[in-house]
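Make the full structure from the sequences, and use the hints.
Top line first, the protein sequences correspond to chains A and B. full-length UniProt numbering applies: residue 1 is where the first sequence begins, and numbers increase by one. full-length UniProt numbering applies: residue 1 is where the second sequence begins, and numbers increase by one.
Since the hints were made in silico from the structure, they are not lab data. Owing to the predicted nature of the structure, the values given are computational and were not obtained by experimental measurement. No residue lacks a Cβ here, since even glycine has one placed at the ideal position from N, Cα and C. Heads up, some of the hints might be wrong.
Stated by the list, open to error - Cut-off 30 Å, straight-line C-alpha distance, at most; resulting in silico cross-link-like pairs (DSBU-like, lysine-lysine):
1) 73/B - 131/A
2) 101/B - 119/A
3) 203/B - 119/A
4) 8/B - 119/A
5) 203/B - 73/B
6) 73/B - 101/B
7) 73/B - 116/B
8) 105/B - 131/A
9) 73/B - 119/A
10) 105/B - 139/A
11) 119/A - 127/B
12) 105/B - 127/B
13) 207/A - 154/A
14) 8/B - 203/B
15) 154/A - 20/A
16) 119/A - 105/B
17) 131/A - 119/A
18) 108/B - 131/A
19) 5/B - 119/A
20) 101/B - 182/B
21) 181/B - 5/B
22) 131/A - 101/B
23) 127/B - 207/A
24) 182/B - 108/B
25) 108/B - 139/A
As the list claims (entries may be wrong) - Quick look at which bits of chain B chain A covers, simulated, 3 or more residues with Cβ under 8 Å:
26) 77-86
27) 92-103
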Amino acid sequence: MQYIQTVLPSLLAGALVTLKVFCLTIIGALPIGILVGLGLKSEFKLVRWILNGYVWLMRGTPLLLQLIFVFYGLPLINITFDRLDAALFAFILNYAAYFAEIFRGGFQAIPMGQYEAAKVLRLNPWQTQRKVILPQVIKNVIPPIGNEVINLIKDSSLVYVIGIGDLLRAGNIDAARDVTLVPYILVGIIYLILTAVTTLGLRRLEKYYNYYR
Amino acid sequence: MIELKNIKKSFNGRMILNDINLTINDGDILAIVGPSGAGKTTLLRALAGLGDIDSGEILLDGQQFDPRNSDLKNNVIGVVFQDYNLFPNLTVWENVTLAPKMVLKMTKQELETRIKPILTHLQLAGKDDLYPFELSGGMKQRVAIARALAMQPRVLAYDEPTSALDPSMRTEVANLLLELKKDGVTQIVVTHDIELANSIADKVFTVNALS
Ligand SMILES: Nc1ncnc2c1ncn2[C@@H]1O[C@H](COP(=O)(O)OP(=O)(O)OP(=O)(O)O)[C@@H](O)[C@H]1O
Ligand SMILES: [Mg+2]
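Below is the structure:
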């Protein structure tokens with residue numbers, strides 16, 4: 001018990017970094033995902049082609065590789081990021097691609113009739129998206145987006161490899177120093193708490209959107 | 001008065017509408033009938049600006065206009081879709097006021113004084129806060145009518161207004177349309193139901209299937 005109290009502060013500090021990566025990734029990746037998702041069904045072939053290529057690349061290669069590429073690879077051609085920026089750059093681009101694929105499906109699920117009704121009411125495309133289409137898309141994509149969000153909590157531990165002091169690294173340092181596996185167990189528990197709380201939040205969001213069908 | 005002149009339309013080289021000429025007088029009910037696949041919906045969509053035509057003119061009071069152009073001066077035709085296409089995420093009130101608010105820039109005051117009476121008239125008073133999924137088919141249709149009327153179109157067009165409803169609702173629909181006619185609303189009704197067409201329309205136009 002005493003031991004837990006001595007390592008907890010460093011673990012919580014690590015958890016804070018994990019949360020920071022998590023939140024900033026979501027904040028960055030969601031809007032990009034929506035835009036790319038819209039672009040994936042653009043009428044311009046070149047736009048679709050480029051965006052499909054981007055999604056294919058991001059989903060077809062490991063996030064770990066992307067992370068290492070940005071932090072260790074790009075400096076070789078004189079593009080340097082500090083650690084956190086590199087992590088966010090890789091995570092946001094990667095998750096935006098997954099989100100985009102989900103949003104593409106979400107947009108496709110909206111019947112043409114919704115667009116046509118908006119058109120004969122003379123709503124412009126922006127008003128149509130904002131008031132009619134997007135709210136319905138968001139309701140539809142909450143469950144699949146939620147899955148990715150939960151994955152992100154766990155994926156965020158990958159920042160370990162570029163030396164960011166996240167929760168996992170904090171635990172690893174404590175365990176190595178004190179030669180005990182207690183920190184690893186605590187790290188596991190903290191991840192469980194984070195995913196549980198997020199799952200709960202997502203449930204409430206889903207429930208909130210049940211006000212219509 | 002709305003006139004269609006020499007309207008032609010084909011899909012993939014197959015002629016659907018060949019030289020349609022048609023006049024709709026103000027305050028009239030025009031029924032468009034014809035066999036399935038004849039092109040009734042195609043004609044209605046062209047008029048509503050949802051599909052283009054290959055050639056021909058559409059005139060409002062003798063002036064040509066382009067239903068596809070989103071400029072407000074082309075705000076001529078209101079549409080009640082076959083399955084209404086209400087916005088499921090919005091309440092009755094929001095469905096009906098969205099476009100008047102965002103497009104016609106009506107103030108809250110104007111919405112109250114101009115839209116409320118439409119809802120009351122269509123027996124939708126007190127239903128403001130319901131969502132489409134909570135409404136019966138007939139109510140959904142009346143919300144769709146209110147939503148179209150709220151944009152103050154010159155003509156209200158329906159595609160198969162009875163097809164999504166229980167057959168017992170047929171007379172109710174007929175009465176509703178006649179009621180609106182009394183208020184001076186010009187209406188175009190696409191329907192399979194020749195009997196309905198004959199009972200309410202001032203003029204019945206038949207679209208023939210082309211081979
Ligand atoms: N976008 C389209 N592309 C190709 N063909 C189309 C398209 N829209 C309609 N058609 C064809 O045009 C013809 C007329 O269709 P339309 O829906 O106008 O008929 P309708 O008279 O409304 O029939 P119904 O009574 O069954 O509703 C049909 O053969 C249909 O398959
Ligand atoms: Mg039809």
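These are the hints, each one checked on the structure:
At most 30 Å may separate the alpha-carbon atoms for a hinted pair to count; residue 73/B and residue 131/A meet this at roughly 23 Å. Using a Cα cut-off of 30 Å, the hinted pair residue 101/B and residue 119/A holds, with the two alpha carbons roughly 15 Å apart. For the hint linking residue 203/B to residue 119/A, the alpha-carbon distance of about 28 Å falls within 30 Å, and the restraint holds. Between residue 8/B and residue 119/A, the direct Cα distance comes to roughly 23 Å. Compliance with the 30 Å bound is thereby established for this hinted pair.
A threshold of 30 Å between alpha carbons decides the hint, and for residue 203/B with residue 73/B the separation of about 27 Å falls inside it, so the pair holds. As the CA atoms of residue 73/B and residue 101/B are separated by approximately 17 Å, the hinted pair is consistent with the 30 Å bound. The straight-line distance between the Cα atoms of residue 73/B and residue 116/B is roughly 24 Å, inside the 30 Å bound, and the hint therefore holds. Restraint check for residue 105/B and residue 131/A: the C-alpha separation of about 15 Å stays at or below 30 Å, so the hint holds.
Annotation: proposed proximity of residue 73/B to residue 119/A holds, straight-line Cα distance about 15 Å (limit 30 Å). A C-alpha spacing of about 28 Å is found between residue 105/B and residue 139/A, which places the hinted pair at or below 30 Å, so the restraint holds. The straight-line distance between the Cα atoms of residue 119/A and residue 127/B is roughly 25 Å, inside the 30 Å bound, and the hint therefore holds. Restraint check for residue 105/B and residue 127/B: satisfied, since their Cα atoms lie roughly 23 Å apart, inside the 30 Å limit.
Between the alpha carbons of residue 207/A and residue 154/A the distance comes to roughly 25 Å, so the proposed pair stays at or under 30 Å and holds. Proximity of residue 8/B to residue 203/B is assessed by CA-CA distance (about 21 Å); at most 30 Å being required, the pair is judged to hold. Taken as a hint, the residue 154/A and residue 20/A pair is honoured in the structure, with Cα atoms around 13 Å apart against an allowance of 30 Å. The suggested pairing of residue 119/A with residue 105/B holds, with an alpha-carbon distance near 16 Å, which does not exceed 30 Å.
For the suggested pair residue 131/A and residue 119/A, the alpha carbons sit about 13 Å apart, so the restraint of at most 30 Å is met. Among the hinted pairs, residue 108/B with residue 131/A is consistent with the structure: their alpha-carbon atoms are about 18 Å apart, no more than 30 Å. For a cut-off of 30 Å, the pair hint linking residue 5/B to residue 119/A stands: about 24 Å separates their Cα positions. At roughly 27 Å between alpha-carbon atoms, residue 101/B and residue 182/B fall within 30 Å of each other, so this suggested pair holds.
Distance restraint check for residue 181/B and residue 5/B: the Cα-Cα separation of roughly 25 Å lies within the 30 Å cut-off, and the hinted pair is therefore satisfied. For the hint linking residue 131/A to residue 101/B, the alpha-carbon distance of about 12 Å falls within 30 Å, and the restraint holds. Only pairs whose Cα atoms come within 30 Å are accepted, and residue 127/B paired with residue 207/A is accepted, the gap being roughly 23 Å. Pair hint residue 182/B plus residue 108/B holds up; C-alpha atoms about 28 Å apart against a cutoff of 30 Å.
This hinted pair checks out: residue 108/B and residue 139/A have alpha carbons roughly 28 Å apart, not beyond 30 Å. Counting residues of the segment 77-86 of chain B whose beta carbon lies closer than 8 Å to any beta carbon of chain A gives 7, which reaches the threshold of three, so the coverage claim holds. With a cut-off of 8 Å between beta carbons, the segment 92-103 of chain B has 4 residues touching chain A; three or more are needed, and the interface restraint holds.
In terms of the numbered hints stated before, the structure departs from none.
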